[in-house]
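Dock chain L against chain G, hints included.
Number of protein chains: 2
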Amino acid sequence: MAEDRELKVRSLLDAVRAEGRSALTAPEGKVIADAYGIAVPGEELARDVEEAVSYAARFGGPVVMKIVSPDILHKTDAGGVIVGVEGAADVRAAFHTIVDNARAYAPAARIEGVQVQELLPKGQEVIVGAVTDPTFGKVVAFGLGGVLVEVLKDVTFRLAPVDADEALSMLDSIRAAEILRGVRGAPAVDRWAIAEQIRRVSELVADFPEIAEVDLNPVIATPEGAVAADIRVILARSVPKPRRRYTREEILASMRRLMEPSSVAVIGASNEQGKIGNSVMRNLVDGGFAGEIHPVNPKADDILGRKAYKSVTDVPGEVDVAVFAIPAKFVAAALEEVGRKGIPNAVLIPSGFAETGEHGLQDEIVAIAERHGVRLLGPNIYGYYSTWQDLCATFCTPYDVKGGVALTSQSGGIGMAILGFARTTKTGVSAIVGLGNKSDLDEDDLLTWFGEDPHTECIAMHLEDLKDGRAFVEAARATVPKKPVVVLKAGRTAAGAKAAGSHTGALAGDDAVYEDILKQAGVIRAPGLNDMLEYARALPVLPAPQGDNVVIITGAGGSGVLLSDAVTDNGLTLMEIPPDLDASFRTFIPPFGAAGNPVDITGGEPPSTYEATIRLGLEDPRIHALVLGYWHTIVTPPMVFAELTARVVAEFRERGVEKPVVASLAGDVEVEEACQYLFERGVVAYPYTTEKPVAVLGAKYRWARAAERLGAEGPSGRAVVGDGRDVGGRSMS
Amino acid sequence: MAEDRELKVRSLLDAVRAEGRSALTAPEGKVIADAYGIAVPGEELARDVEEAVSYAARFGGPVVMKIVSPDILHKTDAGGVIVGVEGAADVRAAFHTIVDNARAYAPAARIEGVQVQELLPKGQEVIVGAVTDPTFGKVVAFGLGGVLVEVLKDVTFRLAPVDADEALSMLDSIRAAEILRGVRGAPAVDRWAIAEQIRRVSELVADFPEIAEVDLNPVIATPEGAVAADIRVILARSVPKPRRRYTREEILASMRRLMEPSSVAVIGASNEQGKIGNSVMRNLVDGGFAGEIHPVNPKADDILGRKAYKSVTDVPGEVDVAVFAIPAKFVAAALEEVGRKGIPNAVLIPSGFAETGEHGLQDEIVAIAERHGVRLLGPNIYGYYSTWQDLCATFCTPYDVKGGVALTSQSGGIGMAILGFARTTKTGVSAIVGLGNKSDLDEDDLLTWFGEDPHTECIAMHLEDLKDGRAFVEAARATVPKKPVVVLKAGRTAAGAKAAGSHTGALAGDDAVYEDILKQAGVIRAPGLNDMLEYARALPVLPAPQGDNVVIITGAGGSGVLLSDAVTDNGLTLMEIPPDLDASFRTFIPPFGAAGNPVDITGGEPPSTYEATIRLGLEDPRIHALVLGYWHTIVTPPMVFAELTARVVAEFRERGVEKPVVASLAGDVEVEEACQYLFERGVVAYPYTTEKPVAVLGAKYRWARAAERLGAEGPSGRAVVGDGRDVGGRSMS
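Residue numbers (our numbering), protein chains in the order written: chain G, 371 to 1103; chain L, 371 to 1103.
One chain only, chain G, in its complex shape (with noise of 0.2 angstroms):
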C-alpha cells in the first residue's frame, strides 16, 4: 500500500521533473493527494448527464458543476459554472444548462463532459503545509487561515514526518489554539481529522526530499471533517547531499580521548611570553594535567622544561589530543602528521580560515581530517577546558571550579563572557568548549558526550546556527531525560522573512521554526547572553522538582506581588492552598499576614518565623518547590536568613526531601553575601531582583517537563494565578 502510493507520486514527480516544471497542476496535486490519503473535495469528469447526476448522488451535498473543454479558456465567461447544484433534477437541469452555454458560447469548442465537484461546507479556515527548512530540513506547519493569523504570524512548526499525537499536539500549539475548541457557541472542528491532515502531508515531505513545499490553504475543518480546498506542491530545484554521520559509537570514543585524554601534544608550543602557544603550554601545566604534555616545536629542544619534538610523529606512545598553535598556514601539514600519527582529535584555535574568507583552506584541512579520521575542534577558538581533569588546552586563564554545567560556544567572545561570569560567580564547571567554524566536532558531538559525562548535570550552549538541526535534535532528544540542555541562539530576530513561494514558506521566518523544534526537542532556550550564564550556573544546583505546585513565602508583601508575577511570567502554578494547609501556616504568621499564596508573613518576624513557615513548606508533600522572599530588617539579618534557610534545606535533604528552592533578597549590600552563601549550599537566591530566581525555577520546570518528570505538560498547562493586587493591598510592606 504504502510502496504503491509511493511508486504512483514518483512516477508523477518524474514526469513533472521530465517536463523542466517544479510546480505541480491541481490535478497533479491531486494524484498526489489521493495517493497519500490527504482529504481534498471529491471531484468526477461526467461525459453525460447520468454520470453527473451519479457523482453528485456519491459526494451527498451539494456539488460545483464546471464545463470542461479545452477550448474554452474563460469557463464563467461562458456560462460554464454553476455552483451549489443538489438534487438529480438540478444536476440534470444544470449539465444541459451547461452543455448550451457552452455551445452556444464556442459553437467549435470541444467539449469533453462537466466536472463535477464537492461543493466544502463552510468552516473554520486552517492551513497545513511543510517546507524544506535550510537547517531543519522538512519541516510541517500548522496554523490558522484567513489574514488575520498571516499578519499575527501565529503558525506552528514539526520535524516531519510526524506521527498521530504529535500532529495533534500542533492545534494546541497556536495561540488561537481556543478557537478549534468552539468558543462563543461555535461547535469545535474534528481535530483528529486536522491531525490527519497534518500528518499525512509530514508523510509525503519526508518520503521525497525533491518536494520543496506543500501547502493545504485553505483546509477547511468543520465539527464532521477537514478537507483541503486547495493543494499545491513546489519541487525543489536541487537536493543537498545528505552529511556525514558518524555513530554514536564512533562519536563516545573519540570524545572521550578528547575530554579524558592521557596525552597531549601542543604543535606550535612555544617559550615565548605572549605567544598562544606560551599561553597553551603554560596552562596546561598551571592547571595541574596529570597527564602528559607533548611541546611540539621544530625550533626547539625543550619548553617549559618538558623535551620539545620536532614533529607530533616523533612523541612517543598514543596521543590523544593534538592542540594547534600554529598560523593557519601552516596547519595543513601539521595535520597530515597527526593524521599519520593516529590522533583522534584536533583542537585547532588558529583564525584565518573560512572566517576571513578562506574556504579553500579550510576545505582542505577537513579532507585531510576525513582521510585520516581525524575529528577537528574548531578552528578559530580559544580550545576548551575540562575541569575535572584539570585539563586547561585554552590561551585564557585556567579555571578550577568544578562542577556539573559544560558550557559550549561558537563565538570566542562569548566563551569569554563565559569563563568571566564562571570566575566572578564560581559557578561549577565541568567543561567550556570553542566551537568557532565547527568544521567537524558540533553541538550535537558534544551533547552526545556530555549526555554520557558523569560529572556533566546541565549542558549550556551559545549557538548561531546549526549544521545539522536533525543530528542536534536527535542529540537533544537522548539527552534530555538524562539531563537539562540550555540553548542561547543568537540572531533570533535577523531579518526572516525569505522570498518563498508558498504562504507556508513566507510564515517560517528562520527564528519560527528554531523555536517550536528546539522547544520540540526537549531544549531549554535562553532568551539572552545573561539568562544562559545563569540558568547554567543555576540547574546543577536545584534538585528537580516533583510536582507542580509552587508556593511563596515573603517576609515582604511588595516581594511577594512581584515573585507572583514572575510565577505566572515564567509558566509556573501559584498553588492553591487547601484550607488545612493553609491553617497549619496560619498557626506561625501574625494576624494581619496573609496566608493563602504568596504566604506574607510580614516584616517584621524573627528568623522562627521565616523557619516555621519553611520547613512547612519542605514538610508537606503536596508542595513541589518553595519561593523565598526575604526582606531584611533588624530582627533577620541576611545572614541569618541565610544560615537558617541552608540549614532547614540541607536538613530535609538529608532526610530524603529534595524540593527545588529560590529566593529572592531584597536588602541592604549584605544580602550579596547571603545569595552567595545560600547558592554554595544549594539554594538559588539573587540580590535586587524578583525575576531572576523564579526564571531559573522556571527553566528548572521547563526542562522537568521536557524529560516526563512530572507527567505530561503539567495539571492542564495552565497556571493557577494568585490575586497579587489583593495580597499587595493587604500587607504594604
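Watch out, some of these pointers could steer you wrong.
Same chains, same names: a pair is fine if it fits in one copy or spans any two.
Once the Cα atoms are required to be at most 27 angstroms apart in a straight line, the calculated DSS-like pairs of lysine-lysine come out as [said to hold, decoys possible]:
1) Lys711 to Lys445
2) Lys889 to Lys445
3) Lys853 to Lys796
4) Lys889 to Lys523
5) Lys669 to Lys711
6) Lys523 to Lys492
7) Lys837 to Lys699
8) Lys772 to Lys796
9) Lys645 to Lys889
10) Lys853 to Lys889
11) Lys796 to Lys677
12) Lys645 to Lys680
13) Lys445 to Lys378
14) Lys711 to Lys677
No lab work stands behind these hints: they were computed from the structure.
Same frame as chain G, but now just chain L:
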C-alpha cells in the same frame, strides 16, 4: 448643539434610572447614538407601503424589513422578516408579503407598520467600546471584532475623551493593525470613520459619568465608512465621589518643605539602640543634615546630645517636617499637635494601619491631617532620603552618593532592595521615598515635585496601584517632557479577567489598561524590579539621543549578533550605513572584518582600532547612538578599552557632541572593573550581558520619543534589521 445632545441623553438616562433599569434597550441606544452622531444603520417605521418605499430609497442600498406589532414576538416565525430587499418594486412586494403573513399568522394582531432598516455591507468587523476602570475612570477601547481577536485579546485603551488624532492612533496600537490598511488585496477601511466612532463614544462617557459601559459590537468598517451594527449601553449603579485634589502650587509648596526642610522634628526620638526613633535620629545626625533636628520625647531631656521636647508644640520656630517613630496607637494624638504647630508634613513610619486591617485608625489620622492641612507620607514606610540635603529620615542606613535619580517605592521590601542596589552600584541618587499605605501623598505629588527639582534627572517608581490614575497621568505628562519617568507596576499578571457585562469590559484586564495608558502618559514601564533599578541607575548617565540611527561597533562578532538581537528586541533602529560611511569604517578594520552594521572590527585588534571606529561613530552626525561590544584580548585589555572609550567620549562631550554610548564587555573578571569605570564616566557598560546595555538604551529612546525629542515616533516606527546571521557567520569571533 453639544448642550442639546446632553439634554436629550440626560432626560433619557433619567427615565431609565427612574425605572430602576441599568441596561438600555436597543431603541434607547439608538437615541443616544443619534444624539452623539455615532453611526448606526438607518431605520424607520413605515406605516404604509409608500413610506417604506421612500425610506428604502433614502437608505440607498438593500434593506431589512420587519413587522412591527406589539402582539407578534417571534417575527421570523410569523414570516415577518425579509432581508436584502432593494428597489421600489421589491420593497412594495415585501411590504405586502410581510403584512399578509403577519395577518395570516395572528389575525387579531395590531400591526403598527413595517420597520425598514439599512442592511450593513460586508466589511471588517471592529469593536469600539468604553468602560469605567477603577483606577483610570472612563477609558475607551478599540480592537478587531470576531472570536479570533477576542481569543488573542488584541485590544487597546485610552483615557476618555480622546481627540480625533488620539482616536486614530488607536488603530495602529493593535498587533493586527496591518489588516485595517488592507492586506492581500483587501481594500483599506475608512480609518477616519472608525476614529470618529471612537471619539464620539469617548465623548459620550466623558459627559455622563453614570454610563458604566458602552459597546459598539461589531462596527462594520468598509472603505466607505464605519457603522455600528449594535450599540449597548449599561449604566453604573453608583458613581464614586471625586477625590480631593490639591493645586500644583499647593503640592509644590508642601513638597519643597518636605524635601528641602530647614527644621525636622522626630516624634518618638530615642536614646535606646534598636529603637526606630533612635535609628532615625542617628541617621539624621550622621547623615550630615545641616538644618535643625529636634527630638521630641516626653521622657527625655536630651537625645544624642540634643535638647528633647515634651511635645512638638514646644519646639521653637517653624518646623517643616515631623517624622513619626512612635507606635500606631499614639499617632493620632501626636498628629493633632503637629497640626496645631502648623507643620506642613508628617512622615509616618509606623505600621499598624490599613495594611494590618486597622482602617479606622488610618481614616482617623487622615481626617486630622485634612482638618489641619498637614500632608501625610505613609504610614507604614521606611521613611525618605533627600541626598542633596544630606537628609536621611529613615531607620535604614544613610546613603550619600548624590546624583540624578529619584526612586520611590510603595513597598518597604522594595525600598530596601533600592538601597542595597544603589549602594553596591554607586548609583547617583537625589531621593529615595517610601510611600507605603499612601493615605495622602502619592506618586502624582512626588512626580510634580521631582519634575521641578533641579537635582532630579530621572524618576523611578515602584507601585502596586494608583489611587488616582488620572492625576498620575496628568503629573506624568507634565514631567516627561523634562525628564524620564520609569514605572515598575507590580501585580501585572494578577487574575485580571473581571466579571463584566460587556465584551469591552471582559477585554479590559487591569494590566491591559495600565499598559496602554502608562504608555500614552509617556512613562517607561520596567518589566521587572532589576530592570527598574538598572534604568534608574543608567538613564541619568546617558545623554538623550538626537535621532534614530544606532550603530554597533564590536570586537566580537558573536556579541555583534546578540547585540543586533537586542537592538531589534528593544524597538531600536540599526542604521543602514551609507556607502561613504561604510568606506570610512573599512579604512580602520581588517579586510575580513565586516563593515555594515554591526561594524565588526574583529577580535585581534589593538586599542587604536577601537578608538578610531568609536571616534568615527561620534564624529559622523548621521549616527545618533553607539552600542559597543568589547572582547577581552591580550592586545586590548579591559581597562585599556575602558580608558580609551571614556577619554574619547569625554573629548567629544567637551566639544558639545553628546551621544548615548552603551557597552557590553565580554571577558574575564577584569571587565567588571572596566564597566564600573565606564559607568562613572557616562558610558553605560555591563559585563557578561548583551541585553542590559541595549535595554537601557531602549529605555532612553522610549523616553526621547515620548518627550518628542526625536520627532514623532521614529522614522516609521520600525527597526531596520541587519542580517545578524550573516555577520556571525562571517567573523565567527
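Cross-check of the supplied hints:
no., hint, verdict
1, Lys711 to Lys445, "neither (76 angstroms within a copy, 96 angstroms between copies)"
2, Lys889 to Lys445, "neither (49 angstroms within a copy, 55 angstroms between copies)"
3, Lys853 to Lys796, "within (21 angstroms within a copy, 40 angstroms between copies)"
4, Lys889 to Lys523, "both (18 angstroms within a copy, 25 angstroms between copies)"
5, Lys669 to Lys711, "within (20 angstroms within a copy, 92 angstroms between copies)"
6, Lys523 to Lys492, "both (23 angstroms within a copy, 25 angstroms between copies)"
7, Lys837 to Lys699, "within (25 angstroms within a copy, 71 angstroms between copies)"
8, Lys772 to Lys796, "within (9 angstroms within a copy, 33 angstroms between copies)"
9, Lys645 to Lys889, "neither (43 angstroms within a copy, 54 angstroms between copies)"
10, Lys853 to Lys889, "within (15 angstroms within a copy, 42 angstroms between copies)"
11, Lys796 to Lys677, "neither (35 angstroms within a copy, 52 angstroms between copies)"
12, Lys645 to Lys680, "within (18 angstroms within a copy, 77 angstroms between copies)"
13, Lys445 to Lys378, "neither (30 angstroms within a copy, 58 angstroms between copies)"
14, Lys711 to Lys677, "within (18 angstroms within a copy, 90 angstroms between copies)"
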